[in-house]
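Participant: Listed below, chain by chain, are the residues.
6 protein chains.
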Amino acid sequence: MIENEPYYLSSGDEANLFQAAWEAKLPVMLKGPTGCGKTRFVQHMAWRLGRPLITVACHEDLFASDLLGRYLLMHEETVWVDGPLTRAARMGAICYLDEIVEARKDTTVVIHPLTDDRRMLSIDKKGETLRAHPDFMLVISFNPGYQSVLKDLKQSTRQRFVGLQFDYPPAAQEARIVAEEGGVSVSVAERLVTLAGRVRNVREQGLTEGASTRLLIYAAQLISRGIDPAQACRTAICLPLTDDDRLQATLADLVEDLF
Amino acid sequence: MIENEPYYLSSGDEANLFQAAWEAKLPVMLKGPTGCGKTRFVQHMAWRLGRPLITVACHEDLFASDLLGRYLLMHEETVWVDGPLTRAARMGAICYLDEIVEARKDTTVVIHPLTDDRRMLSIDKKGETLRAHPDFMLVISFNPGYQSVLKDLKQSTRQRFVGLQFDYPPAAQEARIVAEEGGVSVSVAERLVTLAGRVRNVREQGLTEGASTRLLIYAAQLISRGIDPAQACRTAICLPLTDDDRLQATLADLVEDLF
Amino acid sequence: MIENEPYYLSSGDEANLFQAAWEAKLPVMLKGPTGCGKTRFVQHMAWRLGRPLITVACHEDLFASDLLGRYLLMHEETVWVDGPLTRAARMGAICYLDEIVEARKDTTVVIHPLTDDRRMLSIDKKGETLRAHPDFMLVISFNPGYQSVLKDLKQSTRQRFVGLQFDYPPAAQEARIVAEEGGVSVSVAERLVTLAGRVRNVREQGLTEGASTRLLIYAAQLISRGIDPAQACRTAICLPLTDDDRLQATLADLVEDLF
Amino acid sequence: MIENEPYYLSSGDEANLFQAAWEAKLPVMLKGPTGCGKTRFVQHMAWRLGRPLITVACHEDLFASDLLGRYLLMHEETVWVDGPLTRAARMGAICYLDEIVEARKDTTVVIHPLTDDRRMLSIDKKGETLRAHPDFMLVISFNPGYQSVLKDLKQSTRQRFVGLQFDYPPAAQEARIVAEEGGVSVSVAERLVTLAGRVRNVREQGLTEGASTRLLIYAAQLISRGIDPAQACRTAICLPLTDDDRLQATLADLVEDLF
Amino acid sequence: MIENEPYYLSSGDEANLFQAAWEAKLPVMLKGPTGCGKTRFVQHMAWRLGRPLITVACHEDLFASDLLGRYLLMHEETVWVDGPLTRAARMGAICYLDEIVEARKDTTVVIHPLTDDRRMLSIDKKGETLRAHPDFMLVISFNPGYQSVLKDLKQSTRQRFVGLQFDYPPAAQEARIVAEEGGVSVSVAERLVTLAGRVRNVREQGLTEGASTRLLIYAAQLISRGIDPAQACRTAICLPLTDDDRLQATLADLVEDLF
Amino acid sequence: MIENEPYYLSSGDEANLFQAAWEAKLPVMLKGPTGCGKTRFVQHMAWRLGRPLITVACHEDLFASDLLGRYLLMHEETVWVDGPLTRAARMGAICYLDEIVEARKDTTVVIHPLTDDRRMLSIDKKGETLRAHPDFMLVISFNPGYQSVLKDLKQSTRQRFVGLQFDYPPAAQEARIVAEEGGVSVSVAERLVTLAGRVRNVREQGLTEGASTRLLIYAAQLISRGIDPAQACRTAICLPLTDDDRLQATLADLVEDLF
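Listed in order, the protein sequences are those of chains V, S, H, G, A and F. If you want the numbering used here, it's the 1-based position in the first sequence plus 35. If you want the numbering used here, it's the 1-based position in the second sequence plus 35. If you want the numbering used here, it's the 1-based position in the third sequence plus 35. If you want the numbering used here, it's the 1-based position in the fourth sequence plus 35. If you want the numbering used here, it's the 1-based position in the fifth sequence plus 35. If you want the numbering used here, it's the 1-based position in the sixth sequence plus 35.
Just chain V, with the same shape it has in the complex (with noise of 0.2 Å):
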């Protein structure tokens, strides 16, 4: 349960549509690129909806049993402990998958039958088949940029999903967070949220992905503790984007130009 509204800025229809998606009980999926705020959009809608929010991280080696739940042998008896997936559906939270093409093939199977219209969930090893609570919310996100052949969700998955495009907030806005966040001025904000622009434009040169907002923030934040600016942005914001001395170069000078 979120206590404190979660400091989020809207940049379009996005919670009108998660809120008529919760109403008709439809699951959402969330596609965007890293540190672009996706989490955080839920964790603003689960206060605003009023719903508890249990968030998993899905890899490689999540089992479908992680979600559901397992047996413990506890007291010499063995006792049956609800998973985070089970727990939301019986309490009616939002239960947020986040990066849901890591997880093993069985966990996106095991929510089909809580995404059509029967909205149940069948705990096989406990013989139970729990229908979700009318609250119960399932969203997904995921990273178009990552997906390989290997990794791809399935069309029998997708299509059991609403779907939700989230990209880095405009300049004006990005720069209010940095500034809010990282605790620097708007002025310095402004130039790291120039740095990232340009830093993004690198992209098609070769970097895998763009700097995410939250390295702005933990850029400004070093700054605000008296960082020195370029430094700072190359400890934060350059190392951490790729491990290529070529790009690396091109990123110093990108920095070099604004601090």
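Check each hint, because a few of them may be wrong.
Treat identical chains as interchangeable: a pair holds within one or across any two.
Claimed, not checked - Simulated crosslink set (DMTMM-like; lysine to aspartate or glutamate; CA at most 20 Å straight-line):
1) 189 to 151
2) 189 to 95
3) 66 to 278
4) 60 to 48
5) 189 to 96
6) 60 to 151
7) 66 to 49
8) 60 to 216
9) 189 to 49
By construction, these hints were calculated from the structure, which means they are not laboratory data. Only a predicted model underlies this, so the values are computations on that prediction, with no experimental measurement involved.
Fit chains S, H, G, A and F to the given chain V structure using the hints.
Facilitator: The following block gives chains S, H, G, A and F in isolation, referenced to the frame of chain V:
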């Protein structure tokens, strides 16, 4: 056990064929694209034949023991717990293995003795050989568009089933379904179905699969909650279908033409 | 133990050869396509020789311990439970390993000591060396059309068996089987067998395997329940055989010519 | 412990070499094709040296613990149970690892300390270091025709053994064996050996391996039970050797020439 | 808890940057070649900040549960035992994941919620969500020279850290370190550093990586124990670096030039 | 603990280097071909330094827990049992990891903290951090001829060891070893060493590796038991080295020239 008649519009002879197969105790395979109504059809037939329905969503980590059952430790004793297939064979239910080609090979072989005239299930771990209840029926489904060399039903499995072919419903019928389940007027539903027809043609230009009836219903549900129709189509139809930017532009054009 | 004589029409000397092998205590391998009667033949011979029959459907996840047996925890004690092969060797049953090439390699090696003049089974986990009952017989089957480099019986396994070759029965005999088991007139059965002959020729044009006798019986059973013969053939013969649209069209033409 | 002298016809100096190796406490590797008498030779030598024989058929899923032993839960206590290799080293038996190249790599390394002058077995799980009984001997076998890059004995393993080469016995000797063990006259046995000679030449035309002496004995046993000789040869020699139709035709011609 | 000040010679601003990151509660990634002092730097900073240090050497078989903790059976009860990451987050230690790219992907994802502003650790198996101690800090290291396509940090992981770049120390400083830790005179140390400089140039001719400061210290330690300097260099610098005979000859020439 | 001096003829400075490394507490890697005396050298040094020797033969399925130890269930309690590496570190033994490149990667990483100046062993499962006994020494060996891209020591592992290079002993010295250990006259031993020299030259014509000193001793032992020398060489030297027929012929010629 399904209590209320599931909404289903028949588009051919499939119900009669299914019933004849059930009377002849023949197992059935349903072939067709994602979201065209295979699951709904099985629910409808289970209701019509008055048999309980047990559904298993197959996936890469579904082992034979997930279908047959296993020993669990309970109150210091090992207790056998039937899996969904064993339960169905014992009580005479319809057992529906959804997307069977996704399952591990041992799962597809375990059903062999149930699908010839022996109609038996051999539960090696329990040392039990179960003769299926006379009303038991096995139904499998798969999407031929998905099959690859690695994931293909073996001939020795295929030739144990009679087959029913499914496809998207005819336009008039699909519009009736979308209006009924999406809560929109027939004229809006017809425009959505027109859009779907055009999207399904794009398929030949690179879309893996066309828009399912389910996505049309999603769009209708958003529209009925006050979302702008074009926005609803982008959210519920375009974004879920593909991550390709150029295809998204094509789809957006199709939406703009109609709404 | 098989109580009633299983229906089997012999098409050569196979029963005498099988009986001589049983008397000489030689293991037997049955080679032939899917659904041509190998399983039925073993049932018939088990009944004729008055021996119990234990059948194991082999698959990729069949481990040696699934054949030999394992320790189970019961009432706080570990109890050994014989697997199907051990049970057969102990009681003098015929043990039939269906589609042996599908099994894991350890499974095929575990049967070696049972197939030479020692006729012993070494159960390492129990520390027991079991001498097979004099009436015990090992029978394996496989479909040579399936074999690939990866899934092939090793020479050191092959050369422990005498071989029997199976094929689809001659037309007249197959018609008698289809009429008897499918509940249709001989003339309908003959037309189905004619169709099968033509379908089996299509095989050279791309079908992996021809229509099995079992599929003909399925079609006959649907016809005997009032389904239109052409419809029954499409459902029970064409759709199960292939997912290729062009081959389906060819098959549909063959059906139309005959019904 | 082998009670009766196993029938074995020596074809060279192999018995003396084996005995010298045993006296020098050297491990021995037997190289040769399938079914040429390697196993029988070891049985014979075990009987001659008066040592018990423990045979392990190696396979892809044979783990080191299958050779060494493991802890089992019995009457609420964990009890150590020696594996076959440990048992042999303790009691001074001959341990015969058949088709060693099939085993997992950890299995082949576990025998290293037993094969140098330490003659020790390190049982890590038990924390025991066992010095082998003076009469203990390790014998391995493999078929050089099978070896591939993936399945090859490492030099560090090979160079711990002295080697004995085996092949099919000379014709006269093989005929005596077939007559003796197959229960047929010497003239029939000679014709079978002639057939084998011709089949072994076909090998250069595509047969993986020639007909083993064991298959000749199988054919003889069927003939001695009244099966037509040509039929017996097809059943016991041709069908087991290959699934290739053209090679089967060639083999059938060879049979027809002789019977 | 590190009691004595670890010897560390700073070669730039890295200590200030590390401290600012710690104050801003930002996670840090250390990039640089093998043996250039990354581990020593973390020990030094832990001592300087007065925080305990918990180090985990990552490897291919490091699972998330190895970091988080697991249930153990003790005195007939299952007891939860915290893993090193959980312990560090609870007590406010610095947790150092050495060579993070070697770990399994689930391990890298499990740290995500600890590295954004939530600073939480989700221990699914225990159903606990742990908020990290305010003094907790996460540090990871990796060697960019090692990274391959298969073993690369995902952008969604990278962009959660600020980065510090490490390299071999400048010559004068490295000589002081080698003299201090190797127990040799400064002039010997300088010659070893000169050798290292030349060896690091060979790197472009095929050496995977240059000689680390650690290897120079090893050579010094052997020299200080009376080993001939050329011999010590061959033993401690040349032989560990490569198995290539030609590169060894080149390295031997470099040694001969200097000692 | 080794009681009697193991026979070892030094061929260079290796004993002094080993002793200096032991005094400086540096870990040692031994590089060299199969059967050239690496293991014997470690036994000799353990005896000379008066330290117990614990040897572990590494293989593909050696897990870190096999080195560190594990919990075992004993008399209803879980008891920790130290693995060989932990035991050695605790008691100050020499721990010899033979053919380290064969081990799983987690095994090679687990030794890292033992090989830098911390000399610690982190036993995560027990929550114990063990500081190694001052007399503890880690020795690894590998055969550079075996290494492939897949099985290579990482630089971050290599650069933690000083290296000693081994090779077959010089001819005169090897003859003394063969005579001593094989029980033959020096003149016979010299002829065997001459043969070995020629065989080792064949290596360039396709032999993976030359004949080891161990195989020469095997041949000598057979000769000393009355086996014909040419026969003994074929059995103990030629057959173990290769399965290639043409190479066997070449080797047989070499034998014939000398005996």
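Participant: Look at each hint and say if it fits the structure.
Facilitator: Now the hints, each set against the structure:
1. In this homomeric assembly, residue 189 and residue 151 come within 20 Å of each other (Cα to Cα) only inside a single copy, at 15 Å, whereas the closest approach across copies is 30 Å.
2. Taking identical chains as interchangeable, the C-alpha atoms of residue 189 and residue 95 lie at most 20 Å apart whether they share a chain (16 Å) or sit on different chains (13 Å).
3. In this assembly of identical chains, the alpha carbons of residue 66 and residue 278 lie at most 20 Å apart only when taken from different copies (9 Å versus 26 Å within one copy).
4. Within a single copy, residue 60 and residue 48 get their C-alpha atoms as close as 18 Å, which meets the 20 Å cut-off; across copies the closest is 33 Å, which misses it.
5. In this homomeric assembly, residue 189 and residue 96 come within 20 Å of each other (Cα to Cα) both inside a single copy, at 18 Å, and across copies, at 16 Å.
6. Proximity of residue 60 to residue 151 under the C-alpha cut-off of 20 Å is restricted to the intra-copy arrangement: shortest distance 9 Å within a copy versus 30 Å between copies.
7. In this assembly of identical chains, residue 66 and residue 49 lie within 20 Å of each other by CA distance solely inside one copy; the values are 12 Å within and 37 Å between copies.
8. For the identical chains of this complex, residue 60 and residue 216 are inter-copy neighbours only, at 13 Å across copies versus 33 Å inside a copy, given an alpha-carbon limit of 20 Å.
9. In the homo-oligomer, the alpha carbons of residue 189 and residue 49 never lie at most 20 Å apart, since the shortest distance is 24 Å inside one protomer and 27 Å across protomers.
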